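One letter stands for each residue in the lines below.
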Amino acid sequence: MLYDIFIDPFVQMVEMPDFFLQVLWEGFVAGILYALIALGFVLIFKASGVFNFAQGIMVVFAGLTLVGLHENGVPAFLALILTIGVMGVLAYGIERVVMRPLVNQPDIILLMATIGLTYFLIGFGEFVFGGEPKRMIAEELGLPTGSTAFEMGERGLVILQHIDIAAAVIAIIMVTALGIFFNKTRIGRALRAVADDHQAALSVGISLNQIWAIVWFAAGLVALATGIMWGARSDVSFALEIVAFKALPVLILGGFTSIPGAIIGGLIIGFGEKIGEIYWGGLVGGGIESWLAYIIALIFLLFRPQGLFGEKIIERV
Amino acid sequence: MFYREAGQFKTSYEADQSLFPIRQDRIGLAVILLVAFIVIPLTANDFFLTSIMIPFLVFSLAAIGLNVLTGFAGQLSLGSGAFMGVGAYAAYKLTSIFPDVNVIFLVLVSGVFSAGVGAIFGLPSLRIKGLYLAVTTLAAQFFLEWCFIRIPWLYNYNASGAIEIPKREMFGVTISGAEATPIARYFVVLVITVLIAGLIANVMRGRIGRSWMMIRDMDIAAELMGIRPLQTKLLAFAVSSYICGVAGAMMVFFWLNAAEPSSYSITLSFQILFMVILGGLGSIAGSFMGAAFIWILPVFLKFVPGAIGIEIGAETVEHLTFMIVGALIIFFLIVEPHGFARLWQIGKQKLRVWPFPY
Numbered sequence: 039m040l041y042d043i044f045i046d047p048f049v050q051m052v053e054m055p056d057f058f059l060q061v062l063w064e065g066f067v068a069g070i071l072y073a074l075i076a077l078g079f080v081l082i083f084k085a086s087g088v089f090n091f092a093q094g095i096m097v098v099f100a101g102l103t104l105v106g107l108h109e110n111g112v113p114a115f116l117a118l119i120l121t122i123g124v125m126g127v128l129a130y131g132i133e134r135v136v137m138r139p140l141v142n143q144p145d146i147i148l149l150m151a152t153i154g155l156t157y158f159l160i161g162f163g164e165f166v167f168g169g170e171p172k173r174m175i176a177e178e179l180g181l182p183t184g185s186t187a188f189e190m191g192e193r194g195l196v197i198l199q200h201i202d203i204a205a206a207v208i209a210i211i212m213v214t215a216l217g218i219f220f221n222k223t224r225i226g227r228a229l230r231a232v233a234d235d236h237q238a239a240l241s242v243g244i245s246l247n248q249i250w251a252i253v254w255f256a257a258g259l260v261a262l263a264t265g266i267m268w269g270a271r272s273d274v275s276f277a278l279e280i281v282a283f284k285a286l287p288v289l290i291l292g293g294f295t296s297i298p299g300a301i302i303g304g305l306i307i308g309f310g311e312k313i314g315e316i317y318w319g320g321l322v323g324g325g326i327e328s329w330l331a332y333i334i335a336l337i338f339l340l341f342r343p344q345g346l347f348g349e350k351i352i353e354r355v
Numbered sequence: 042m043f044y045r046e047a048g049q050f051k052t053s054y055e056a057d058q059s060l061f062p063i064r065q066d067r068i069g070l071a072v073i074l075l076v077a078f079i080v081i082p083l084t085a086n087d088f089f090l091t092s093i094m095i096p097f098l099v100f101s102l103a104a105i106g107l108n109v110l111t112g113f114a115g116q117l118s119l120g121s122g123a124f125m126g127v128g129a130y131a132a133y134k135l136t137s138i139f140p141d142v143n144v145i146f147l148v149l150v151s152g153v154f155s156a157g158v159g160a161i162f163g164l165p166s167l168r169i170k171g172l173y174l175a176v177t178t179l180a181a182q183f184f185l186e187w188c189f190i191r192i193p194w195l196y197n198y199n200a201s202g203a204i205e206i207p208k209r210e211m212f213g214v215t216i217s218g219a220e221a222t223p224i225a226r227y228f229v230v231l232v233i234t235v236l237i238a239g240l241i242a243n244v245m246r247g248r249i250g251r252s253w254m255m256i257r258d259m260d261i262a263a264e265l266m267g268i269r270p271l272q273t274k275l276l277a278f279a280v281s282s283y284i285c286g287v288a289g290a291m292m293v294f295f296w297l298n299a300a301e302p303s304s305y306s307i308t309l310s311f312q313i314l315f316m317v318i319l320g321g322l323g324s325i326a327g328s329f330m331g332a333a334f335i336w337i338l339p340v341f342l343k344f345v346p347g348a349i350g351i352e353i354g355a356e357t358v359e360h361l362t363f364m365i366v367g368a369l370i371i372f373f374l375i376v377e378p379h380g381f382a383r384l385w386q387i388g389k390q391k392l393r394v395w396p397f398p399y
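These protein sequence lines map, in sequence, to chains P and R. Number 355 marks the last residue of the first sequence (the working numbering); no jumps. Number 399 marks the last residue of the second sequence (the working numbering); no jumps.
FYI, nobody ran anything at the bench for these hints, they're computed from the structure. Predicted, not measured: the structure shown is a model, and the values here were computed from it. Backbone N, C-alpha and C fix where the C-beta goes; we use that ideal spot for every residue, glycine too. Keep in mind that a hint or two might mislead.
[Said to hold, decoys possible] Here are some chain R residues pointing at chain P (derived, C-beta under 7 Å):
| # | residue |
| --- | --- |
| 1 | Ile93 |
| 2 | Ile318 |
| 3 | Met364 |
| 4 | Leu374 |
Just need the whole structure built from these sequences, with the hints factored in.
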C-alpha cells in the first residue's frame, strides 16, 4: 500500500517519460483554460469587489451565441463581432439591472445575485439556442487545427494539439494586455480605486456605473475567448458550467485580486489534477479530478487564507 | 383591525416570551396544522400528496436546515445537497444493517452522521469566512458526491449504483418502499417536519440561537462578549447538517423510493439555497414559503398555460423556470432581501392598522 502511494507513481514517471510529458502537457492546457475562467472572476472582483459566480455560464453563453449565430447563416467573423456586441449589451444590462441597485450591499448578497444571474443565463441560453451540445466553429475562425507529434528518442510520442498551443498563446497575450490595462491606463487605475472603496471612488469623480459596465464587458470578452478555446477542445454545451466551478479553487490558490495569481493558480491546479488523477487516482477508484482541486485549495486555505498573491485582510477591533 | 393585539394582556414573563404571543397567530397556526393533519389527508388525491405535499415538506425541512446555517449563523453553504445525501446513504446503510429497527428512528439517527460530516467541513470556518467558506462547502459537495459514486459499500454493491428503499413497517402500516401508501408517507413526513421546525423555532430564541445570530451580525463583537466562535460555528454546521441529513433521508425513504448520486448533486444545493433566499434568510416560516414557491412554480408553469389554451413544451417550461427563478432571485435581493417572510410581516402590519395607513 505504502509502495503504491509513495514509490510506484514516481517509478512510472521515470520509466515512461513520454507519457509523463503528455500528462504534464494536458495539465498545462487544462490549467491555462482554468486560468482564463479565473481571469474573468478576478477582473470583476478587482473592479467591484463582486465575486462573479456567473463567469462560468458567461463562458458557455458566449460560446453558444457565437455558434448559434453561425448556425443561422451568419459568417464566422461577423458572428464573432456580433457576439462581442452581445456581450457588451449583456455587460450593460447586468450593470444596469443587477449591480447598480445593489451598490454597497454585503458580499454575500452580491454573490447570491450572481448565482441568480447564472440561473437566468442558463435558462435564457437554452431557451434561445437549445440545450444540446454544439461544435465550435474553430476552423471557420482561422484557429489552427491538427497536431504535432514530438518523438522522444525511441520511447514514443508526445502529441501537442495546435489549438492548445493557440490557447496558451492567447492566454499569455490576454494576461499581458490586462496587466498593462490595469496598471498603466487611466481607466485601469480607476478600476482599482473602485475596488478599494466604492464611496471614496465616487467622491473623487469616478463614474461607478461606467467602470462597472466596462469591467463586465472585459470579463465578457475573456469569457468569449475562453468559450472559443474550450469549445474547440470539446463541444460547447452547458456541461462546461461544471468545469467552470474549477475556477474557484484556482482563485483561492492565486488570490481573488491577482491576475498573475489566476494564471499560476490555474497552472498548479491543472498540473496537480492531471498528475494526481493519472498516478494516484487509480488507488481510490479514479475520478478524483472532480474534487482534488478543491482539496488542494482547502488545505492551502488553512495555511494562507488570502492566497498566493492576494491582499491580506487585517481585521481590527 | 383584523389583526390587532389590543386587549391581549400579558401577566407573566412566560406569556410575554412565548413563541406566538399574539392570539391571531396561535389561531392561524392551529388552522394550518388542522388543514395539514386532517383536511389534506381527507380530501387530497394521491397525485397531490406524492408530487406536491411530500416534496414540499421535505424541501421545507432542508431549507430550514440551510437557514440555520446561512440565515441565522451567517455562513454561506453550497453543500447542503451533499449533506442531504449523507443522511440518505446513512439511513439506507442503517436500515440494511438493522432491518428490524424502526425506520423513522433510523432516519433520525442518520442525521447524526450528516452532522458529523458537516462539522468536519465546517472546521475551516474559524479561519476563513464568506466567499472562501463557500468554496470549502463546494469541496464537500464534490467530494461527497464522488464518495456516493465510488464507494460501492454505500449502496450495498447494487449493480445500478443507486439505492433502493426496502419495505418497512410501523404499527403494521407500510411506511417506506414502493408499496407504502401516499397517506402513510405524508403523515410520517409531516410529523417529522413539524416536530423539527417547532424545535428549531424554540432553539432560535434561546441562548444558542442568539449566539448564532451574534456571530452572523458581527463576529468580532460576539467574540468579545464571550461567544466562542469555533464551537458556535461548528454547532451551527452540525445542527444544519443534521436537519439536512434527515431531510435527505426522508427524501429517498418517503418520496423517491430510490436515489442515485446525481439526486444529491449541486443542483439540489442551489435549489435549497434559492428556497432560503426567496423565503427569507433567518425565518422558519420563510423556509416553508420558499420551498412552496420553488417546488410549485414548475408544476404551476406546466399545467396552468395548458389549462388556458397555451401549449408550452416540457423543455420550454424548464427553461422558463430557470429564467423566472434567476430573475426572481435578483429581484428579491434588490427589492426585499428578507424574502417572502418579510412580505408576510408587512402584510400583517397593514392588517393591523387597517383601515388607516399609519
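Hint by hint, here is what the structure shows:
1. Proximity of R/Ile93 to chain P is violated relative to the hint, the smallest CB-CB distance being about 22 Å (cut-off 7 Å).
2. For the restraint placing R/Ile318 at the interface with chain P, the shortest Cβ-Cβ distance is roughly 6 Å, inside the 7 Å limit, so the hint holds.
3. Taken as an interface hint, R/Met364 checks out: its beta carbon lies about 4 Å from the nearest beta carbon of chain P, inside 7 Å.
4. Interface hint status for R/Leu374: upheld, as the beta-carbon distance to the closest one in chain P is roughly 5 Å, under 7 Å.
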